[in-house]
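Engineer: Given next are the chains, with one letter for each unit.
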Amino acid sequence: MRENFALTEAGFKVGLIYRLHYFASLLSVPVSLLIYFYLWKAIFAYSNATVIKGFTLDEMVSYYVLVMLVGFITYSECDKWIEESVVRGDTIMALLKPYRFIVWHYFFELGLTGLGLIIEILPVFVVGFFFGLKIASIPYLILFVISLALASALYFLVTFIVGLTSFWLFKIGGLRRVKRSMLAFLGGSMLPLTFFPETVQNIFLVLPFQYMRYIPILIYLEKYSIPYSITLLGIAATWVILLYVLARLMWNAAFKKFAGAGT
Amino acid sequence: MVIIQVKNLKKVFKTHKREPGLGNALKSLVKRKYLVKTALKGISFEINKGEVVGFIGPNGAGKSTTVKALSGVLYPTSGDVNVLGYTPWKDRIKYVRNIGVVFGQKTQLWWDLPAIDSYYLNKQIYRIPSKEFKRRLNYMLKYLDLREVSKKPVRDCSLGERMKCEIVAALLHNPKLVFLDEASIGLDIIAKNLVRDFIIRQNQEQGTTFLITTHDMQEIERLCQRLIIINHGEIIYDGGIEHIKKRYLKKKLVHVKLETKKNNFSFKGVKVIKEKDYEIVLNLDTQISSVKDLVDYLLKNYNVADINISDPPIEEIIEKIYREKKRI
Amino acid sequence: MRYLKLWMQYVAIQLAKDMAYKTNFFIKVLSLIIADVIGPIITILLYANTAGIPGWTFEEFILFQGTFILVFGLGHLLFFGVPFEVVHMVREGEFNKILIAPINPLMNVSFRSFDLEGFAEVITGMVLIMWALFRVDFVLMGMIAYVILIVAAVLFMYSVFVIISSISFIVVKTYALIDLFFKTSDIARYPASIYGSALRFFVSFLFPIAIAAYYPSMSLLRGVSWPWMIQVLAPVTAFFIFALIIWEVGMKRYTASGG
Chain A
1 MRENFALTEA GFKVGLIYRL HYFASLLSVP VSLLIYFYLW KAIFAYSNAT VIKGFTLDEM
61 VSYYVLVMLV GFITYSECDK WIEESVVRGD TIMALLKPYR FIVWHYFFEL GLTGLGLIIE
121 ILPVFVVGFF FGLKIASIPY LILFVISLAL ASALYFLVTF IVGLTSFWLF KIGGLRRVKR
181 SMLAFLGGSM LPLTFFPETV QNIFLVLPFQ YMRYIPILIY LEKYSIPYSI TLLGIAATWV
241 ILLYVLARLM WNAAFKKFAG AGT
Chain B
264 MVIIQVKNLK KVFKTHKREP GLGNALKSLV KRKYLVKTAL KGISFEINKG EVVGFIGPNG
324 AGKSTTVKAL SGVLYPTSGD VNVLGYTPWK DRIKYVRNIG VVFGQKTQLW WDLPAIDSYY
384 LNKQIYRIPS KEFKRRLNYM LKYLDLREVS KKPVRDCSLG ERMKCEIVAA LLHNPKLVFL
444 DEASIGLDII AKNLVRDFII RQNQEQGTTF LITTHDMQEI ERLCQRLIII NHGEIIYDGG
504 IEHIKKRYLK KKLVHVKLET KKNNFSFKGV KVIKEKDYEI VLNLDTQISS VKDLVDYLLK
564 NYNVADINIS DPPIEEIIEK IYREKKRI
Chain C
592 MRYLKLWMQY VAIQLAKDMA YKTNFFIKVL SLIIADVIGP IITILLYANT AGIPGWTFEE
652 FILFQGTFIL VFGLGHLLFF GVPFEVVHMV REGEFNKILI APINPLMNVS FRSFDLEGFA
712 EVITGMVLIM WALFRVDFVL MGMIAYVILI VAAVLFMYSV FVIISSISFI VVKTYALIDL
772 FFKTSDIARY PASIYGSALR FFVSFLFPIA IAAYYPSMSL LRGVSWPWMI QVLAPVTAFF
832 IFALIIWEVG MKRYTASGG
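Chains as they are written, first to last, in this note's numbering: chain A, 1 to 263; chain B, 264 to 591; chain C, 592 to 850.
A portion of the hints provided could be inaccurate.
[Unchecked claim] Covered, in the sense of this in silico footprint (three residues per stretch, anywhere, with C-beta under 8 Å from a C-beta of chain B), are these stretches of chain A:
1. 4-13
2. 98-104
3. 249-260
[Stated by the list, open to error] Beyond 12 Å from chain B on every Cβ pair, some chain A residues (computed):
4. Ile-17
5. Ala-24
6. Tyr-36
7. Val-51
8. Phe-55
9. Leu-57
10. Tyr-75
11. Ala-136
12. Leu-243
13. Val-245
[Stated by the list, open to error] Pairs of lysine-lysine residues, derived as BS3-like cross-links and limited to a Cα-Cα distance of at most 27 Å, are as follows:
14. B:Lys-589 x B:Lys-509
15. A:Lys-171 x B:Lys-300
16. C:Lys-774 x A:Lys-80
17. B:Lys-369 x A:Lys-80
18. B:Lys-304 x B:Lys-583
19. B:Lys-534 x B:Lys-588
20. A:Lys-171 x C:Lys-613
21. A:Lys-53 x A:Lys-223
22. B:Lys-270 x A:Lys-256
23. B:Lys-455 x B:Lys-508
24. C:Lys-608 x A:Lys-179
25. A:Lys-13 x B:Lys-369
26. B:Lys-277 x A:Lys-171
27. A:Lys-179 x A:Lys-80
28. B:Lys-525 x B:Lys-539
29. A:Lys-80 x C:Lys-613
Don't read these hints as lab results, they were simulated from the structure. Note that beta-carbon positions come from the ideal geometry of N, C-alpha and C, so glycine has one too.
Make a model of the complete structure from these sequences and hints.
Structural biologist: This is the structure:
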C-alpha cells in the first residue's frame, strides 16, 4: 500500500505545478453560484411558486453548491493523462513499473484530487454557507460520504475507460468532451433530474450517470428515506463492479494492442 | 547461471496500409490491406549472470524489438523467453520489479517534476530501505555529476542530462538485470566515459547483468566482453568482442580538417578516400601503421584544424561477416 | 486581398491537419454539437416545468441561446486559439519569424489560429436562430441592428483574446485566464435582466459580455434607438482600442527583451 501512496504523492506534486488551474476553477465558484441564484430567483418569482419539482428556492441554490462540491471531490481527468502519454509515447513508463495500469492511474489521480480538495473544499463550503447551504444530519452525512466514495469510483472508471480508447483512437480530445458534457447533463449537474419526464427518470435509475452527481446531492438534501438511499447506493455499487469489469476487459485489449505493436 | 533464455523469438508486425483519398478509405473498411514486416526471424541466445553483452546492429535490425520483448512490453508472434524465471509479457508486474530499463527515445521520469522526485517515488515502488537508498543515490548523483541537475524539472534538462538521470532511475533499486536501449544519445564524450565507468563498476561490484543495444561500435568496445550482432532480424554473430576487433576493426576512418590547403597525401598503410581543399578522409590499416604514427605525421607536416578518428560503420562490418560466411 | 489569400492558405493548412486525425476531428465536431444542443434541451425542460425566464417566451429564449452559440462559435472558428498560438510560438522561438514577415503580426497570428471545429457551433447556432425567427415577431430595423451587434460581440471577444495574448508575452501561463474568461462569460448565458444591478452593470459596462447574446436579441425582439445603440457599442469600442494598445505594449516588451 505504501508504494501506492507514493504515486499519490507524485500526483500531488504534479498538481502543485498546475495549481493555477485549481485557483481558476475556484474563482468560478462564486460566479457560477451567483448565476444560478439569480436565475432561479427569477424563475421562482415569475412562476409564482414556492416549490418547483420538489425543490424550494433555498434547496435549489444548495443543489448547485452541492453540484460543485461533489464535482470537485469526484474530479478525475485520467483520460487526459492517458491520452498525453499515448501521444507522447511514454505509456511504457507506467508499464515498466510493478503496478497494474489502473492502479497506477488511480493513485496518481488521488494525489491530484487531494490537492484540489485542499485548495477548493473550504472556500466552496464558505461560499456555500453564504448561499444558505445547511449541514445535513449525521445519518445522512454518513450516507453522503459513502455515496461520494461510490460516485468518485464511478467517475474515475468511466474516465479511465474513455482514456483507454486513445490506445486505438490516439487523440481523444473530442471524446473527452462528449464524456464531460454527457456526464454533466445526465448526472444532473445542470438541472435536477426531476425536471425530466417520469419515464426518462425511471431509465436513469438503472443507468450509472445519476449516481455520480445527483444521488449524492439528494442524499445530502435528505430527499430520500434512509432505506431507499441504501437501495440506491446498492445500485451504485453494482455499477462500480460492472464498470470495473469493463475497465479490466478494456485494459486487457488495450495492452494486447499496445504490446502487439510495441510502441 | 543462465538468466536470459531466448528461444526462436519471432515478431511480425502487421500494420494497416492506408492510402490517401476518401474512396480508398471506404475501400479499406471492407477489405483491409496489411503491411507485414518481420522484425525478428526467430532468434535464440542465452545470457549468463554477470555478463555485459553488447547487442548491436544497424537501425531497424530488431534490437529495440528484442529489448521490448525482454522487458515485458511486447508480445512476440512466437517463441519462448525466460528471464529470471519469468515470461516477461505474461508476468509483467512481478517481473519488472527485478529489472531496470532505459529506452533512449522515451522517458521514465515524471516530465513535470525534478528527477529527484522520481527517485523518491522509485524508493517506495521498489521498497528500497532508506539507508541503502541514501547511500546509492548520493553515490550515483555524485559520480554522474547530477547533484544540481536532478533538482530541476526533467522537461528543462538537456537530452544528455536527462539520459544520465534515466540511468540513475533504472539502477537505483539495484536490479539484477539492466537493459540499456540506445541510452547514450545526447551524451558528450566526458559523460559517455563517466557512464561507461559507472556501468563497469556496477557490474563488478554488484554482479549486475547488462544488455546494451547501440549502433555505435566504439561505445561498447571497452564495455562488453561479448557481442551479439543482429541484422534484418537475424543474429549473424554471437561471441567474444576480441575476435571482432581483431578481424574487422583493423581499419580506422580518419577525418582531417586543415587550416591551409595541401594535396597529394600519402602514408604507409593509408588509403585516401577523399581529398578536397581543406578536408581529407583516410582509411588506415592499423596492422601496417598505428594510429599514433599517422597522427604524429599529420601534426608534423600539416596545418591541422581538427582530427576525428572513428571505426568503420557497423554496416561495413556486417557486410564483411556476410561475405566471409558465403566463402565458407 | 493579400490578407485574404494568406488567410485561405492557413485555412488550407488547418484543414489538412484536421484530416490527418479524421476520427478525432469528427468526434470533436460531434462533441461540440452535443454540448451545444444540451442548452436548448434544458430550456425545453425548464419551460415545460416552470413559467420560464421572466419576460422571455420559449421561442425568444431559444433565439437568445442560438445567438450565444453562434457568437462563441465564431470566436472558436476565428481566434480562440490565438493565446495558445502566441505561447507556442514564443516558446519555440518562432515568433521572431512573425515579426520579420511583411504582414501585420496580429493578423498573422490570428489567421494561424483558425479552427475548423468552430463551424459546428456556428451551424448549430444558426439552426436554432432560424427555427426561432419563424416563430417570433421582429422588425427589419431590428434585424439590421442584430447583425451589427453580433459583429460587435465577436469584436469584443476578439479584444479579450488579444489582451490575454499580450499578457502571454510576459506571463506564459495564461491558460488560467482563458478559463476565467469562459467561466465569466457564463453570466451571458442568461438575459442580463434577471441579475441584480451590480452584476448587470458589470456585464454591460465593465466587462460588456452581455453583448454576446443579450443585446443582439433585445435589438431584434424589442426594437432599437440610436441612443441605445451608442450606449451598447461604446464600451465595446473602448475595449477594442484598449486591446490594441495592450497588444502594442506586449510586442514592445517582447522585442525589447530580444525574444
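Engineer: So, for every hint listed, does it hold in this structure?
Structural biologist: Checked hints:
Coverage of the stretch 4-13 of chain A by chain B holds. Counting CB-CB distances below 8 Å, 6 residues qualify, and the rule asks for three or more. Under a criterion of three residues with beta carbons nearer than 8 Å to beta carbons of chain B, the stated coverage of the stretch 98-104 of chain A is upheld, 3 such residues being counted. Coverage of the stretch 249-260 of chain A by chain B holds [criterion: at least 3 residues with CB-CB distance below 8 Å; count 4]. Chain B draws Ile-17 (chain A) into its interface by the beta-carbon criterion, the shortest separation being 5 Å against a cut-off of 12 Å.
A cut-off of 12 Å between C-beta atoms confirms that Ala-24 (chain A) is not in contact with chain B; the least separation is 18 Å. No beta-carbon of chain B comes within 12 Å of the beta-carbon of Tyr-36 (chain A); the shortest separation is about 35 Å. The claim that Val-51 (chain A) lies off the interface holds: its Cβ sits roughly 49 Å from the closest Cβ of chain B, which is beyond the 12 Å cut-off. Non-interface status of Phe-55 (chain A) relative to chain B is upheld: no Cβ of that chain comes within 12 Å, the nearest being about 43 Å off.
A cut-off of 12 Å between C-beta atoms confirms that Leu-57 (chain A) is not in contact with chain B; the least separation is 44 Å. Remark: the non-interface label on Tyr-75 (chain A) is consistent with the geometry, its nearest Cβ contact in chain B lying 19 Å away (cut-off 12 Å). Consistency note on Ala-136 (chain A): stated as away from chain B, and its beta-carbon is indeed over 12 Å from all of that chain's, at 37 Å minimum. Non-interface call for Leu-243 (chain A) relative to chain B: holds, since the shortest CB-CB distance, roughly 22 Å, exceeds 12 Å.
With a cut of 12 Å on Cβ distances, Val-245 (chain A) stays outside the contact zone with chain B, its closest approach being about 19 Å. Of the supplied pair hints, the one linking Lys-589 (chain B) and Lys-509 (chain B) holds, its CA atoms being roughly 20 Å apart against a limit of 27 Å. Taking the CA atoms of Lys-171 (chain A) and Lys-300 (chain B), the gap is about 25 Å. The hint holds against a cut of 27 Å. For a cut-off of 27 Å, the pair hint linking Lys-774 (chain C) to Lys-80 (chain A) stands: about 21 Å separates their Cα positions.
For the hint pairing Lys-369 (chain B) with Lys-80 (chain A), the CA-to-CA distance comes to about 19 Å; that is within 27 Å, so the pair holds. Between Lys-304 (chain B) and Lys-583 (chain B) the CA atoms are separated by roughly 21 Å; this keeps the pair inside 27 Å, and the hint holds. A distance of roughly 26 Å separates the Cα atoms of Lys-534 (chain B) and Lys-588 (chain B); the hinted pair therefore holds under the 27 Å criterion. Between Lys-171 (chain A) and Lys-613 (chain C), the direct Cα distance comes to roughly 10 Å. Compliance with the 27 Å bound is thereby established for this hinted pair.
A threshold of 27 Å between alpha carbons decides the hint, and for Lys-53 (chain A) with Lys-223 (chain A) the separation of about 12 Å falls inside it, so the pair holds. Using a Cα cut-off of 27 Å, the hinted pair Lys-270 (chain B) and Lys-256 (chain A) holds, with the two alpha carbons roughly 21 Å apart. With a CA separation close to 20 Å, the supplied pair Lys-455 (chain B) and Lys-508 (chain B) stays within the 27 Å bound. At most 27 Å may separate the alpha-carbon atoms for a hinted pair to count; Lys-608 (chain C) and Lys-179 (chain A) meet this at roughly 24 Å.
Annotation: proposed proximity of Lys-13 (chain A) to Lys-369 (chain B) holds, straight-line Cα distance about 21 Å (limit 27 Å). Among the hinted pairs, Lys-277 (chain B) with Lys-171 (chain A) is consistent with the structure: their alpha-carbon atoms are about 21 Å apart, no more than 27 Å. Restraint check for Lys-179 (chain A) and Lys-80 (chain A): the C-alpha separation of about 12 Å stays at or below 27 Å, so the hint holds. Simply put, Lys-525 (chain B) and Lys-539 (chain B) have alpha-carbon atoms about 9 Å apart, close enough for the 27 Å limit, and the pair holds.
At roughly 19 Å between alpha-carbon atoms, Lys-80 (chain A) and Lys-613 (chain C) fall within 27 Å of each other, so this suggested pair holds.
Hint 4 from the earlier list is the only one contradicted by this structure; the remaining hints agree with it.
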